[in-house]
Amino acid sequence: MRLQTLRVALTIAVASSPRFASWRTALISLVLTPIISTLMIVAVAASVGGAEVAMTAYAGVLVSAFVSVMASVNATLAYERITGIVPASLVPRFGTPASWCARTVAPLASAAIVALLAIGAIDLLDGAHDGGAATRALTALPVALVSGALVGLAVCVISLLVTDPYLVANVLGGILALTAGVVAPLEDYPRWLRPICEWLPMTWTVQAMRTGNAALAREPLAILPWLLLGVLAVATARSRLRDGRDTAFI
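Heads up: the sequence shown begins at 1 in my numbering, then just goes up one per residue.
A portion of the hints provided could be inaccurate.
Stated by the list, open to error - For each label pair, taking beta carbons as the anchor points, the in silico distance ranges come out as:
no., residue 1, residue 2, range
1, Gly-120, Arg-218, 25 to 33 Å
2, Ile-28, Leu-116, 17 to 25 Å
3, Gly-120, Arg-242, 49 to 57 Å
4, Thr-211, Arg-242, 20 to 28 Å
5, Ser-239, Tyr-166, 18 to 26 Å
6, Leu-229, Leu-178, 43 to 51 Å
7, Arg-242, Thr-139, 16 to 24 Å
8, Thr-25, Asp-164, 16 to 24 Å
9, Thr-236, Leu-178, 28 to 36 Å
10, Ile-82, Arg-242, 40 to 48 Å
11, Ala-217, Ala-109, 36 to 44 Å
12, Gly-120, Thr-211, 30 to 38 Å
These aren't lab readings, by the way, just hints derived from the structure by calculation.
Computed from a predicted model, the values in this text were never measured in an experiment.
Ideal placement from N, C-alpha and C gives every residue a C-beta, glycine not left out.
Make a model of the complete structure from these sequences and hints.
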């Protein structure tokens, strides 16, 4: 029964995603766009050479995987919000665990495939032949993917409280390349900026890939505030809807 429920929820989630509106849309948004972006990173790493540039390329792939999953999950709920599904399902309860898991399956699969191909290509073209960096990137990839799914779920419900359903995801996705330490290690950042970066997603995942230390274990601490904000956003949205107050998602 649970498997059947998950299958139905997955079917609905795929149908609700604008990225699967047609096979052409899916091909462009899930395959061609990420591959072109990845090829640009690989081209820079191959042309310049050096371990630090390869590190930047690996970090870029990890952050791109996170942003891809987060944006895809958010886009699914944004579509449901536009079509009026969200207000109808918000009361008396807001979905089921199966429906939430289903929203993440397709984005996770797509981002994982593209990221694995990119890491392999960077390792192949890396002039320094630093196999340890590729191994650390592969180790950090599952954390980046799961973090993207969790933050994506949180972002999509936080967005229920604002008019633009893509605002939160776009802002967060736009600053992560800077705050996560893609271009330079966190210790090279200004002292006032470090505490801010430490509480944003992907910072510790990228640092773990760069240094190989235990920083990866600190990533959940950066994800937890987003999950708490998501729970609070659901409660607030349900309260507004039940009280008949004007809401951004109706």
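Hints, verified against the model:
1. A C-beta distance of roughly 27 Å is found between Gly-120 and Arg-218, which places it inside the suggested range of 25 to 33 Å.
2. For Ile-28 and Leu-116, the hinted distance range of 17 to 25 Å is satisfied, since their beta carbons lie about 20 Å from each other.
3. Distance hint for Gly-120 and Arg-242: a CB-CB separation of about 51 Å, consistent with the stated range 49 to 57 Å.
4. For the pair Thr-211 and Arg-242, the beta carbons lie near 49 Å from each other, so the given range of 20 to 28 Å is not met.
5. Ser-239 and Tyr-166 have their C-beta atoms about 24 Å apart, which keeps the hinted 18 to 26 Å range intact.
6. The supplied range of 43 to 51 Å is broken by Leu-229 and Leu-178, whose beta-carbon atoms lie about 21 Å from each other.
7. In this structure the supplied range 16 to 24 Å is violated for Arg-242 paired with Thr-139, their Cβ-Cβ distance being about 45 Å.
8. Take Thr-25 and Asp-164: their Cβ atoms lie about 21 Å apart, and the range 16 to 24 Å holds.
9. Between Thr-236 and Leu-178 the Cβ separation comes to about 30 Å, which falls inside the hinted range of 28 to 36 Å.
10. Distance hint check: the CB atoms of Ile-82 and Arg-242 are about 22 Å apart, inconsistent with the given range 40 to 48 Å.
11. Our hint of 36 to 44 Å for Ala-217 and Ala-109 is violated, since their Cβ atoms are close to 26 Å apart.
12. Under the hint 30 to 38 Å, the C-beta atoms of Gly-120 and Thr-211, about 22 Å apart, miss the expected range.
When the structure is compared with the earlier hints, violations turn up for hints 4, 6, 7, 10, 11, 12 and for no others.
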